[in-house]
Amino acid sequence: MAALGGVTIASALSGCASPTDTASGVEQLDFWHLLSGGDGVTMAGLVEKANAQGKDFDAKQTVLAWGAPYYTKLAMASVGGRGPDTAIMHASRVPGYAPGGLLEPWDLDLLAEYGVQKTDYVDRVWEKGSLNGKQYSIALDAHPFILMYNTDVAEQAGALGADGQLKKITSTDEFVDVARAMQAVTGKHGLSYGYLADGAQMWRLWYTFFKQQDAQFDLSGTSAQVDTDAGVKAFEFMQTLLDGTICTPSGDYGTALSEFLSGDSGMLFTGVWELPTVLASGIAFDAQPIPTLFGTPAAYADSHAFTLPVSDRDEKRTRATYDFVTTLLKGSFGWAQAGHIPAFQPVVNSTEYQELLPQAHYAPAAEILNYDPEAWFTGSGSDFQNFFLETCQGVLLNGSSPQAGLDAFVARIDALMAKPNPV
Amino acid sequence: MSTTTAMTTPAEGGAVREAAAEPQSLRAGKKDWRGWLFVGPFVVLFALFLVWPMIHGLYLSFTGESLTGANGQLIGFDNYAEAFSDPVMWHSLWNTVWFTVLSTIPLVVVALGLALLVHQVPGQWFWRLSFFMPYLLASTVVAQFWIWMYNPQLGLVNDFLGNFGVEPIAWLQDESWAMISVVVTTLWWTIGFNFLLYLAAIQNIPEQQFEAAALDGASRIKQAFRITIPQLWPTTVLVLILQVLASLKVFDQIYMMTNGGPAGATRPIVQYVFEVGFTGYRFGYASAISYIFFALIVLVSLVQFRITNRRNG
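If you read the protein sequences in the order shown, they are chains B and G.
At position 259 of the first sequence the residue is numbered 259 (this note's numbering), and the sequence of numbers has no breaks.
At position 251 of the second sequence the residue is numbered 251 (this note's numbering), and the sequence of numbers has no breaks.
So here's chain B without its partners, still in its complex pose (with noise of 0.2 angstroms):
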């Protein structure tokens, strides 16, 4: 907490001081993010490293709390003009601020110079980051939503295949059927699942499983456009699961964790991003994309993105800012280790990654990825999420209808598209 705070005064300090150390012809850069712990502490070391290697900038990092607080003084800060060089944002937040002359589009030619360019990506990430034609961000990972197994649990419950992971899952009743034989080994709970007092969470799971129905969520139009039998039908199988034994309705995210670190569960979803934690548990496990349910194989995902918010940036200034990026874009397999998958492709391509386990077995999940539905008040640590907490958190607490929450959630949107958009 005292390093984050010296971090930030840091930065504050230097924009005090002049933005170019004139003696070393060494731009001072202001990067922009909201990774916090296990991920704050890789992201740091690998901007140390990036500034180590010798080249024209000195990349100072300004470190803010994840979600709105983040993107509302980021947003602030640029319609002041006064945005950093870079930012990291989660690329479903992209549309919701590129519109609004929020963020300068990357130069691609200059891009390919320091070695990056849209062959180095899987097509649906790359992608993401595009917007009426331009590239508004160049994607440093993707981290999907995931399961996560405790292999001695999983074992004793005869869920095991021959290569000593999780037999493959192919329906909603042999998934029950394996969190019920894990239930009985552990005598608490088959599987964990924290989304307690959190949109974010609650979407993450229900995006997954309403997506495997290949299902639409179309936001492009006036009115949102839902397919919402297929919402119902992700939602009863969720109720399925929390019934209590399975795994618990009452859980938030901590009492998850906490509870699939201390092997009173056999399984746990949740996001790549928790798997130095895990790791750091020392329990046995293993992880995977979440089993394809309903037939269509689909991941939700978003992906920590570089962006160029509006800032006054001369020629030299501009150069540092792609050396820099492009330098932890290559560096990245530091990232992997955090457990995020790389976007820049040569990186997972690498023999080195290839061996990371169990981030490899997970990585498949990058190209069933889905982000959230497009629009500009949609996104991670969006109201868009709240929204869906508002309207659908009884579903799963108290086994309220499906139906109702959904209409409700749409119609909440819906009265959000009747209004111009602000950005």
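Derived from the structure by calculation, the hints contain no laboratory data.
Treat the hints with caution; some may be incorrect.
[Unchecked claim] To spell it out: a stretch of chain B is covered by chain G in this simulated footprint if at least three of its residues, at any positions, have a beta carbon under 8 angstroms from a beta carbon of chain G; those stretches are: (1) 73-87; (2) 94-102; (3) 383-392.
[Stated by the list, open to error] Every beta carbon over 10 angstroms from chain B, so not counted as near; a handful from chain G, in silico: (4) 45; (5) 109; (6) 241; (7) 301.
Please read all numbers here as calculations on a predicted model, not as lab measurements.
The beta-carbon is built from N, C-alpha and C at its ideal position, and this holds for glycine as well.
Let chain B serve as the given structure and place chain G on it in line with the hints.
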């Protein structure tokens, strides 16, 4: 000055009065610019940071202004019309009022009760300290404490109630409990202030009155109801006014403990203004809601003023 005039003879009186009148008017003239010199810095800051934002906010409430400066044109009363038909606005406004009702009553009554008790008990410094201590904590700290205590599976509260066979309750996540839970936290956190005001007022009541009452055979309880409480009326008025205003402005602890949830069951109007303006980017609409809330506060203040004035009169 008046004594000087009184001592002069009538004949001289006119001259003296004339002489006195001049410096007086001179002083009045000087008071103008000298006074301004003193209040100047305050007036400038007041105008810049309070008056101007108020006027500008009022103007914004008639525009579609957003964070990015888009839709900045005047749109008449559209924002107000939208607000009056916005169920979330009404729900949030109701939450604020409900929180005020739920928190103000115990914050006044319990504070008075504690002060009355402590006044009778030895070791006052200890009670003062322990009741006032929570008030010194930052809202973030208080919120974190209570989030832990309210945790449905690991929290102290459920653990304690479990001893009596009570099923675990999701205090902050269950719609029927969230508001109560936040009120209890607020009570624990802020009661020290009202308690201290009451205690100071009680200590100001002359001891002789109690002695006289005791001689006449009044019991402790009778003394409290016939002497202490009536004499505390001015303090009660002050505590009520401060408490109602503080409760109406509730934001921090709710934002941190429930973020307005579940399903908006605890979201106060101030948080809705914040959400609409800063995470939803709609400054114009947020300003309109602020002004509606402002009108409510003015209304409450007027009612309060009326009631307390009548009682005093």
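So, going through the hints one by one against the coordinates:
{"no.": "1", "hint": "73-87", "in the structure": "holds (count 3)"}
{"no.": "2", "hint": "94-102", "in the structure": "holds (count 3)"}
{"no.": "3", "hint": "383-392", "in the structure": "holds (count 5)"}
{"no.": "4", "hint": "45", "in the structure": "22 angstroms, holds"}
{"no.": "5", "hint": "109", "in the structure": "31 angstroms, holds"}
{"no.": "6", "hint": "241", "in the structure": "33 angstroms, holds"}
{"no.": "7", "hint": "301", "in the structure": "31 angstroms, holds"}
Of the numbered hints given earlier, the model fails none.
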